[in-house]
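> Those protein sequence lines, which keep their order, are chains X and V. Counting from 1, position 253 in the first sequence corresponds to residue 253 in our numbering; the numbering is continuous, with no gaps. Counting from 1, position 289 in the second sequence corresponds to residue 289 in our numbering; the numbering is continuous, with no gaps.
Don't take every hint at face value.
In silico DSS-like pairs for lysine-lysine, Cα to Cα no more than 27 Å straight-line [as the list claims (entries may be wrong)]: (1) V:Lys-139 <-> X:Lys-92; (2) V:Lys-139 <-> X:Lys-160; (3) X:Lys-73 <-> X:Lys-100; (4) V:Lys-146 <-> X:Lys-92; (5) X:Lys-177 <-> V:Lys-216; (6) X:Lys-99 <-> V:Lys-139; (7) X:Lys-100 <-> X:Lys-27; (8) V:Lys-160 <-> V:Lys-139; (9) X:Lys-265 <-> X:Lys-37; (10) X:Lys-191 <-> V:Lys-295; (11) X:Lys-177 <-> X:Lys-233; (12) V:Lys-326 <-> V:Lys-216; (13) V:Lys-216 <-> X:Lys-191.
It should be emphasised that the hints constitute simulated quantities derived from the structure, not laboratory data. Note that this is a predicted model, so its numbers are computed, not measured.
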Amino acid sequence: MKKLFFGLLFIAAALQSCKTDPDPNEKNTLTLSFLNKVGTQEVVLGQESYQNAVGETYGVTTYNYFISNISLKKSDGTTYTVPQDSSYFLIKETNPASKKVTLRGIPTGSYTELSFMIGVDSLRNTMDISRRTGVLDPGDATHDGDGMYWSWNSGYIFLKLEGTSPQVAADAAGNRKYRYHIGGFGGYNAKTFNNLRTVKLPLGSIAATVGPDQQPVIEVVSDISKIFNGTQKVSLAQYPTVMFADYSSTIANNYAAMFSIGGVKD
Amino acid sequence: MALFGWAACSKSTPPPDPTTPTTETLEMPQPSYFPSVVYDLKSNPLTYDGFQLGRSLFYDGLLSRNGTIACGTCHQQAVAFTHHGHDLSHGIDDKIGMRNAPPIQNMAWSKEFFWDGGVHQLDLFPIAPIENPVEMDEKLPNVLQKLRDSKNPNYPELFKKAFGTTDITTERFTKALSQFMVFLVSNNSRYDLYLRGTTNALTATEKEGLALFKQKCATCHAGELFTDQSFRNNGLDNSRSSDQGRFRITQNPDDLFKFKVPSLRNVGYTSPYMHDGRFSTLEQVLNHYATNVQKTATLDPALQTNGQLGISMTDDEKAKIIAFLKTLSDEQFVKDYRFADPGFGKAF
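When you get a sec, could you build the whole thing from the sequences and use the hints?
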């Protein structure tokens, strides 16, 4: 009985001392709404009707990418960085829910620039399995079939783009497919290429104002055509498969410039 | 009482979890003459139930797409957890793998895994053979689901014993396998007896072989694990193979045709030899080093000293070195019933 009494007293004390002031930003949210396009049109999966700069026709069947390490810059120059553990998102064109990224607990203020990394940073790529949860969990069901993790050369695939093109030579099964799986965080203990790219997007004249009654939505556009038509023009016939090889850095350089702000809705 | 309150709110001292299992902890053998352990045992404390769960998983064909291939299929205890008689292993649907299955032993001391070092952490390792289309050809999320649904053995209960609740997560799954693999320590060969002071554990010939080995082989097969864990091109004829070794991982041309220096512990059991199993006897291996080393751009400097390719050895020296190498066979390790197939699952 005495034990029970002390036990209850202990719990009461514990509860009492845990009362803290509520986080004033608790209810503040900011949403990133990803819109995947080819040129000016929203991408339609399976439709082989797009053209790249070297004159090849192509369609898109799979389009996934990781976004991480999100930060927001205020008009006064200060920056808010989303806590790292809550800053990994896998955008999948086939999954509409994945394209709406809601960030919670954003401090009240007016934000003028959005920044994020395309891919998964090198540190997280080398962390213990216990730190790889949610979309980073290779055993998570959302990975099934999309495999955004290389198990044989441990590291995440940052961006996966697959599709068809009549200009690509047919494989053994008669399919004319191209497959771009771009990753490479720089290597764990031997240096290799680093395809991590950070994107900074000024929001333009309209700031995203966050507050208890203001929950803005920033539309972030990715233009798939820029993966082929960047500083370097990519030929699908010449490079139908780009995975863990030096040429992947050309693709990464191109996609580093594919994001833009579609608009800000308060 | 204020102190109590502080303690309850401090993140560094969480209240004891009533579901924490009261399982027995296991102590991994750590021979004093081995280097320091690489695997973070604090992040995955070894327990009796965790080890037994890992052992069940290791021998269970459930990990493969159609239930036919377990880890233990290509890693058989009797031959120091290699695939006896197979140059390249055959996995699911008898598909042929890319390389020779290396032994599973002394894993806690390994800095990297695979012949090319593609995985740097043991807990991340099992995902690769599971998802390799010519090994188990399964997806990790499916494996976890099959484990959750499994009645015989009752995996949710085994996970509860090992980790406190019936939740089956990637972390628990791979850490249980790590517990089993980390515990596979081979340190009871005759050579170990000799190291620990039983001077007559080796014959005079074997001792001569040891001295020759230190002189001719220990640059790469260094220390008591008999590997410096580096990646080297050992002069194999690579004209017939498309396997580029470590280059596959780093894309660095300097790494072309380099493979990890394997440990030689239990080398008497682990035939065939080399990353592609091209040599079936130790005599063939030593003949390669003595007379067949091929000069290529990335050939290891240690195999081309004084303008000469390979390692000079007489037939008598080769025989003595081989006699010594066989003293690294750890009979206790390959017969230890604690490491054996527990009797369910489908390890063929």
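> Now tell me, hint by hint, if it's right for this structure.
Results of checking the hints against the structure:
no.	hint	in the structure
1	V:Lys-139 <-> X:Lys-92	holds, 19 Å
2	V:Lys-139 <-> X:Lys-160	holds, 18 Å
3	X:Lys-73 <-> X:Lys-100	holds, 20 Å
4	V:Lys-146 <-> X:Lys-92	holds, 26 Å
5	X:Lys-177 <-> V:Lys-216	violated, 51 Å
6	X:Lys-99 <-> V:Lys-139	holds, 24 Å
7	X:Lys-100 <-> X:Lys-27	holds, 17 Å
8	V:Lys-160 <-> V:Lys-139	holds, 23 Å
9	X:Lys-265 <-> X:Lys-37	holds, 19 Å
10	X:Lys-191 <-> V:Lys-295	holds, 26 Å
11	X:Lys-177 <-> X:Lys-233	holds, 19 Å
12	V:Lys-326 <-> V:Lys-216	holds, 17 Å
13	V:Lys-216 <-> X:Lys-191	violated, 31 Å
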